[in-house]
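Just so you know, the sequences run in chain order A and B.
Take any residue in the first sequence, count from 1 to its spot, add 8: that is its number in our numbering.
Take any residue in the second sequence, count from 1 to its spot, add 8: that is its number in our numbering.
Derived by calculation from the structure, the hints in this document are not laboratory data.
What you are looking at is a predicted structure, and each value in this text was computed from that prediction instead of being measured.
There may be inaccurate statements among the hints.
Pairs involving identical chains hold if they fit within one copy or between any two copies, as the list cannot separate such chains.
[Stated by the list, open to error] With a straight-line cut-off of 30 Å between C-alpha atoms, the simulated DSS-like cross-links for lysine-lysine are:
no., residue 1, residue 2
1, K78, K190
2, K20, K195
3, K195, K234
2 protein chains.
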Amino acid sequence: MQIIGVRTPLIKPGDDIVNMLCGSLNENEIFLRDGDVLVLAESAVATAEGRMVDLSTVIPSKEAEELAGKYCVDSREMELVLCECDDIIGGVPGAALTITKGTLSPNAGIDGSNAPEGHVVLLPENAQKSAAKIRAGMEEFCCCHLGVIIGDSRTQPLRLGCVGMALGTSGIVPVEDARGSKDLFGKPLNITRKAVADNLVSAAQLLMGEADECIPCVLIRGAPVKMVKGSQEMPIFTPEECMYYSNIKQK
Amino acid sequence: MQIIGVRTPLIKPGDDIVNMLCGSLNENEIFLRDGDVLVLAESAVATAEGRMVDLSTVIPSKEAEELAGKYCVDSREMELVLCECDDIIGGVPGAALTITKGTLSPNAGIDGSNAPEGHVVLLPENAQKSAAKIRAGMEEFCCCHLGVIIGDSRTQPLRLGCVGMALGTSGIVPVEDARGSKDLFGKPLNITRKAVADNLVSAAQLLMGEADECIPCVLIRGAPVKMVKGSQEMPIFTPEECMYYSNIKQK
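Excised from the complex, chain A in its bound form (with noise of 0.2 Å):
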């Protein structure tokens, strides 16, 4: 299995991330092939689809003040939160804790990193549906069968630093079912479920790290991936399914 990252000059609103990613293999003369899985940082992604949003002209309501004075938060940055998310469940100074698209997420997965001074990314309005088009646009352009995630960084519980998690996928099965498989010793497993997606995140964020890089996209090749021809949903628990969230309940 290999992983190589592909640099690309910095992503502008409006951009045409297919036409970039493109220009920049074709420079660096990676040639992809079938069963190829292409991982991208949802800023750029987000960036390019036009989610950039200038603080200037957002007026925040008076729950934002409330909550942005709780947290510790922009006012304005916190009315996207508000906008963007499905729940807020508590905070932290710096972060509101929310639900967002089903998942936890610090302030929505708003960031002001890798974006102009006064501005914020929002996450991809529809993770999936970028992943499909970004697939479709390069499985055109190199006529084989890929895979594409579009990939976040997020903290896990009583850990320390961040992780892959993927948002959305296209071509690929995003959390495998080991269900019936069985163990060194022929006994069915108990452990049942491969978050396929999330881990080639992950090994993908070792490249494109947290910083000025500029790879906002990592080619793995070779990983035992199953491919399917659309896009198959990222399948999500509950809270009530959920083993950690079942056993707590908001202060």
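Guided by the hints, dock chain B onto chain A, whose structure is given.
Coordinates of chain B only, in the frame set by chain A:
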């Protein structure tokens, strides 16, 4: 960056894991180099270290019997969970949700998969020490500077499927501090730490799988990892510092 699975014979209690790995590497003509990182499955390391327990030798306490009934777990296994964990914070049918060695884990990381019928495998007693010992042995064998990680798989809140998590490391910086780095626009970064060791384990999990693959070791070559001479402790959040944990309370 390259990721290579290393197949070994089935690892049994008392086996010398360094010897077995060296044999497998030789057989496959894989020659280790400076900066290579070996990710080892905790179940293999724990088994070799004699952490396999015959459940018929365990006498459950009254507390274990009660919790076993509550969470539908074998009462002898629950006795082991009570011995191994720091705290039980809840549970679902089939698993008590515990904090063990500082991290969230179902059933204190005790697993009946990949153990003979009627047996379970506890986590390595001290994964940092295991990593340091294996690294010393492997470095003697290959005469170069390596990183070693003992890896496990865990689920994340509101996500389906297992991802990688590092229990202990040696020779590498497990969590890199990116504070002070600049973003694409030259502003200081908001996101601050990279869980490099967890991401390396997630990358390795893609090749390890969860079932009868017999790939307890994965070699990662060319990862941009910071090497160190000794072993750095895995930094761990206290529940109070954790964004998720500080916002919840137990039922």
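Structure-based check of all given hints:
no. : hint          : verdict
1   : K78 <-> K190  : between (50 Å within a copy, 28 Å between copies)
2   : K20 <-> K195  : between (52 Å within a copy, 17 Å between copies)
3   : K195 <-> K234 : within (24 Å within a copy, 40 Å between copies)
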